[in-house]
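K.L.:
Single-letter residue listing:
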Amino acid sequence: MQAMNGTRLATAVRPDSPAAGHDAAGGTEQEAASTAVRRAPWPLTGTAAVVCTTLLLPVTFLVWQATGVGWPLISRLLMRHVTLTLLVNTVELTVVVTTCAALIATSAAWCIERTNLPGRRLWRVLMLLPLAIPDFVVGYTWSSLSPAIHGLPGAALVMTLGLFPLIYLPVSAALRRADSTLYEVARGLGDNRIVAFVRVVLPQIKTALLGGCLLVTLALLAEFGAFEILRFQTFTTEIFTEFTLGFNAPAASALSLLLVLLSLLALTGEHIVGRRGAGRAAPAATAGARVLRVHRYRLGRATLPVTAGFAALAGLSVGVPVSTVIYWRLQAPDTTLPPIPLAGAAWNTLAYAGSAAVLATVAAFPVALLFVRHGGRLGTLFERIGYLSQGLPGLVLALALVFFAVHAAYPLYQTPELLVVTYAIMFFPLALVSLRASLVQAPPRLEETARSLGCRPLAALARVTLPLVAPGIAASAALVFLAAVVELTATLVLIPTGAHTLATAFWAYQQNASYASASRYAVVIVVIAAVPGCMLQRWFDAGPSRHPAKEQS
Amino acid sequence: MVRVVRIAGLAAGVLLAGSLAACGATASAGSSGSAQTITLYNGQHEETTQALVAAFEKQTGISVTIRSDAEAVVTGQILQEGSRSPADVIYTENSPPLEKLSEQHLLAPASASTLGTVPARFNSPAADWIGVSARTTVLVYNTKALSPAQLPKSALDLSSPAWRGKFGFAPTETDLQPVITSITRAHGQAAALAWLKGLKANAGSNVYPDNETVMSKINSGQVQIALINNYYWYRLRLQLGAAAMHSAVAHLAAGDSGYVLDVSGAGILASSKHKTAAQKFLAFLVSAQGQAIIAHSDSYEYPLRPGVAAAALLTPLSQLSPAPDTIADLGDGALPLTLLQQAQLG
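If you're matching them up, the sequences are chains W and Z in order.
Just so we're aligned, residue 12 is where the first sequence starts under this note's numbering, counting upward by one.
Just so we're aligned, residue 3 is where the second sequence starts under this note's numbering, counting upward by one.
In case anyone wonders, no lab produced these hints; they're calculated from the structure.
Watch out, some of these pointers could steer you wrong.
Selected chain Z positions facing chain W (in silico; Cβ < 8 Å) [claimed, not checked]:
1. L158
2. T174
3. A203
4. Q241
5. D300
So the derived label-pair ranges between C-beta atoms look like this [what the hints assert, rightly or not]:
6. A164/Z with E103/W: 30 to 36 Å
7. T279/W with K155/Z: 54 to 60 Å
8. L353/W with Q61/Z: 55 to 61 Å
9. I337/W with L315/Z: 29 to 35 Å
10. A151/Z with L114/W: 54 to 60 Å
11. L341/W with L315/Z: 27 to 33 Å
12. Q321/Z with R340/W: 37 to 43 Å
13. K155/Z with I337/W: 42 to 48 Å
14. T78/W with A122/Z: 37 to 43 Å
15. S149/Z with L353/W: 45 to 51 Å
16. Q61/Z with R340/W: 35 to 41 Å
Some, not all, of what chain Z presents toward chain W, calculated at C-beta under 10 Å [claimed, not checked]:
17. T67
18. A72
19. Q79
20. L81
21. K146
22. Q343
These figures come from a predicted structure and were not determined experimentally.
A virtual CB, placed ideally from N, CA and C, is assigned to each residue, including glycine.
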């Protein structure tokens with residue numbers, strides 16, 4: 012499905028496209044060729060290998076556990092008519108949602124980063140918030156708004172609104188680092204806006220866009236909560252039935268391998284599309300500070316409709332679910348369940364999700380660096396392995412880690428440390444996509460120059476490349492943080508006994524249909540979720556505003 | 003460079019915060035470990051569990067840490083943990099998860115005196131878990147749409163085309179499993195499968211993820227009739243107030259195969275290192291005090307200890323006439339799952 016979606020993009024990035032040949036980065040092709048040949052330093056390969064081995068633990072366990080199930084049960088479960096229906100459901104939904112989310116996210120990122128759209132600071136924060144609204148709240152809100160919202164259209168609507176930030180954030184980070192002069196040149200040479208965008212900007216953001224689409228696809232494969240409420244059956248809902256009614260984790264594992272297979276298909280598709288025209292589309296960033304020169308286009312008469320579009324998008328993706336939470340908040344408390352201390356739950360959420368954001372980003376950096384700078388079979392393999400975990404439902408992944416921890420690292424079982432590692436494994440792909448997209452834009456030439464001037468390799472990396480990929484690092488940490496803040500299923504399984512996060516506290520009350528009491532935790536989740544958005548905002552503002560060229564139009 | 007330093011500082015801060023939180027959590031776990039502490043994996047409604055635990059801690063001085071999740075998840079977790087489970091006690095809503103753990107020899111025998119507190123038919127056939135409370139399946143119906151005279155006498159009637167568009171259910175709720183098992187026992191697998199297919203056709207788009215939703219749809223009139231556990235109606239009444247109830251509870255004909263009494267119970271893990279304290283907790287659950295907490299809680303379940311009356315709103319346990327299924331008959335839930343999958347409901 013990823014491949015189908017990507018085909019459109021691939022034709023847009025045809026190698027013969029004149030835009031791809033633009034020589035702004037200076038000998039891009041030759042440079043890419045020379046770096047690919049350069050052997051990766053062994054500490055980098057070694058670190059990436061350790062990270063990827065850890066990431067492979069859950070899938071390894073699933074294979075091992077599935078072998079104990081026996082073929083009769085697996086074939087009975089798989090060789091049913093319903094399996095085909097579920098697969099078709101899954102694929103249809105993935106194609107629709109990924110396409111819609113890509114269009115929405117790219118347009119939003121373009122308008123925010125490249126036009127004089129009013130209220131950009133606000134929109135930047137609002138574009139990230141949907142990630143922070145628990146899928147249960149979203150599903151519940153929409154299904155209670157209208158019983159008509161269910162099945163494929165309902166699921167497509169809800170998931171598009173919930174997942175587009177996964178594409179928006181990497182794409183907007185890429186646009187930040189992309190040179191806007193190329194687009195001006197193309198326009199000056201007579202291309203209309205659409206053609207200029209497709210020829211020039213799309214290649215610049217291709218890695219980010221494809222990566223974001225991959226994240227959306229994988230997230231859809233693993234999603235369960237919202238679909239259950241929206242009465243839309245996918246293969247994952249089937250896995251949950253096997254687990255919740257049959258207490259049969261091995262059978263659920265075996266079925267999950269089909270999800271791994273679907274993930275592999277998506278990964279292969281994205282890889283094939285991503286490789287077309289590789290090296291041509293790459294470093295959009297030119298040397299030094301000129302990178303940050305941003306040309307903002309006047310929206311002119313389009314200002315009103317575009318603003319209205321943003322308002323509608325924010326209203327549907329954030330306003331609707333948040334108003335449900337506020338409505339609950341106004342109801343009288345209706346439970347005898349003793350209150351779970353809000354401050355403690357909030358602190359746990361911040362600490363776990365914050366640590367996971369740092370850990371995932373730090374762990375993903377060598378994998379992304381190896382892949383982007385050195386490529387090769389090993390680099391590519393490691394990078395692809397990095398994505399596998401996201402296509403697995405949280406419960407399946409958590410139970411696999413239960414088994415590992417109990418048998419191999421018992422002192423870690425149900426400690427905050429293991430929970431943080433689990434989050435980092437689950438959300439590693441979010442970090443990888445963001446880092447990969449920004450590393451592609453950082454020309455290795457600069458680092459090489461620094462080294463030729465006597466800088467040590469690590470110092471060159473820290474002083475030259477890290478500042479260039481800073482938006483990617485920030486985006487990576489923000490995405491992982493947001494995803495970890497709302498994570499529930501794995502958290503319930505692996506959190507220290509007796510401890511609570513905001514998500515588990517919300518769940519405890521929601522289970523008892525005590526929405527009034529549950530809502531206070533949801534409110535804090537949304538407030539916390541606004542933090543990374545605001546931080547990115549300040550961060551982004553701190554950069555280009557030093558350059559007077561920013562607001563030219 | 004300044005920004006890199008700032009980011010690094012932020013990262014270090016977050017890492018530090020994380021590790022501090024980690025230390026904090028570990029320290030608190032360690033300090034409570036010095037006193038007698040047991041760990042409870044809880045799949046029951048948390049409100050009642052919390053009330054029971056608070057009273058138990060006060061009476062015995064033994065502290066209980068609670069880990070709550072859906073009963074299937076706590077069961078699945080114990081199955082993965084095997085002999086190294088940190089859990090001392092598991093408490094579930096229905097008997098099938100306990101039977102599943104019992105089959106895997108993961109439960110320890112309950113003490114004879116505790117087992118003797120409740121009638122034997124409510125306990126584990128292998129004597130390794132005890133029945134704590136019970137619930138029964140009832141019809142709930144919208145009182146504006148239906149009169150008592152229109153209600154079916156047997157659950158089997160619900161699959162007739164007469165109920166098309168009027169019936170709603172939550173097929174993946176664990177509460178439905180015992181009903182499917184009971185109907186299979188009474189009428190055979192083919193009949194049970196046909197029944198499920200009929201329900202699916204009648205429900206149409208009124209298929210919900212949980213019985214709370216089914217109950218609220220009945221009350222709002224979007225669904226007219228459903229077959230669910232009795233307590234959902236009483237809990238909704240508690241939430242909305244009697245005046246807002248546009249629905250009622252009705253029992254099926256005595257002995258009907260869809261009229262099932264389902265036991266919620268608790269067992270001690272074979273791997274528990276605190277079996278004495280765990281036995282005390284089990285004994286407390288079925289003590290007069292523990293059973294009174296259940297009777298007066300907002301869970302609206304039947305206490306099983308003879309002499310402890312259920313909430314006054316409920317039909318007394320002694321007046322119920324459910325199908326004659328035993329705990330062993332209801333099994334570990336494997337059969338109903340197969341049927342649900344064949345009916346393409348699972």
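K.L.:
Determine for every hint whether it applies to the structure shown.
P.N.:
Do the hints match the structure? See the list:
Given the 8 Å rule on beta carbons, the hint for L158/Z is violated: about 21 Å separates it from the nearest Cβ of chain W. With 8 Å as the threshold, the beta carbon of T174/Z comes within range of chain W, its nearest partner Cβ sitting at about 5 Å, so the hint holds. A hinted interface residue such as A203/Z counts as satisfied when its beta carbon comes closer than 8 Å to some beta carbon of chain W; here the least separation is about 15 Å, so the hint is violated. The interface hint given for Q241/Z is met, as the beta carbon of that residue sits about 5 Å from the closest beta carbon of chain W, less than 8 Å.
Below 8 Å, beta-carbon pairs count as interface contacts, and D300/Z has one with chain W at about 6 Å; its hint therefore holds. Our hint of 30 to 36 Å for A164/Z and E103/W holds, since their Cβ atoms are close to 35 Å apart. For T279/W paired with K155/Z, a C-beta distance near 58 Å keeps the hint of 54 to 60 Å intact. Remark: the range hint 55 to 61 Å for L353/W to Q61/Z is contradicted by a beta-carbon distance near 29 Å.
Separation of I337/W from L315/Z is about 33 Å and conforms to the stated range, judged on CB atoms against 29 to 35 Å. For A151/Z paired with L114/W, a C-beta distance near 57 Å keeps the hint of 54 to 60 Å intact. The hint said 27 to 33 Å for the Cβ distance between L341/W and L315/Z, and at roughly 29 Å that hint holds. The beta-carbon spacing between Q321/Z and R340/W, approximately 42 Å, falls within the hinted interval of 37 to 43 Å.
Look at K155/Z against I337/W: about 46 Å separates their beta carbons, and that is inside 42 to 48 Å. Separation of T78/W from A122/Z is about 41 Å and conforms to the stated range, judged on CB atoms against 37 to 43 Å. Between S149/Z and L353/W the CB atoms are about 47 Å apart, so this pair conforms to the stated range of 45 to 51 Å. Judged by the Cβ atoms, the range 35 to 41 Å given for Q61/Z and R340/W holds: they are separated by roughly 37 Å.
For the restraint placing T67/Z at the interface with chain W, the shortest Cβ-Cβ distance is roughly 4 Å, inside the 10 Å limit, so the hint holds. The interface hint given for A72/Z holds, since its Cβ lies 7 Å from the closest Cβ of chain W, which is under the 10 Å cut-off. Hint on Q79/Z holds. Least Cβ distance to chain W is approximately 6 Å, under the 10 Å limit. Against a cut-off of 10 Å between C-beta atoms, the interface hint on L81/Z holds, since the closest Cβ of chain W lies about 6 Å away.
Interface restraint check: K146/Z against chain W, minimum CB-CB distance 18 Å, threshold 10 Å, status violated. Taking 10 Å as the C-beta cut-off, the interface hint given for Q343/Z holds, the closest approach to chain W being about 7 Å.
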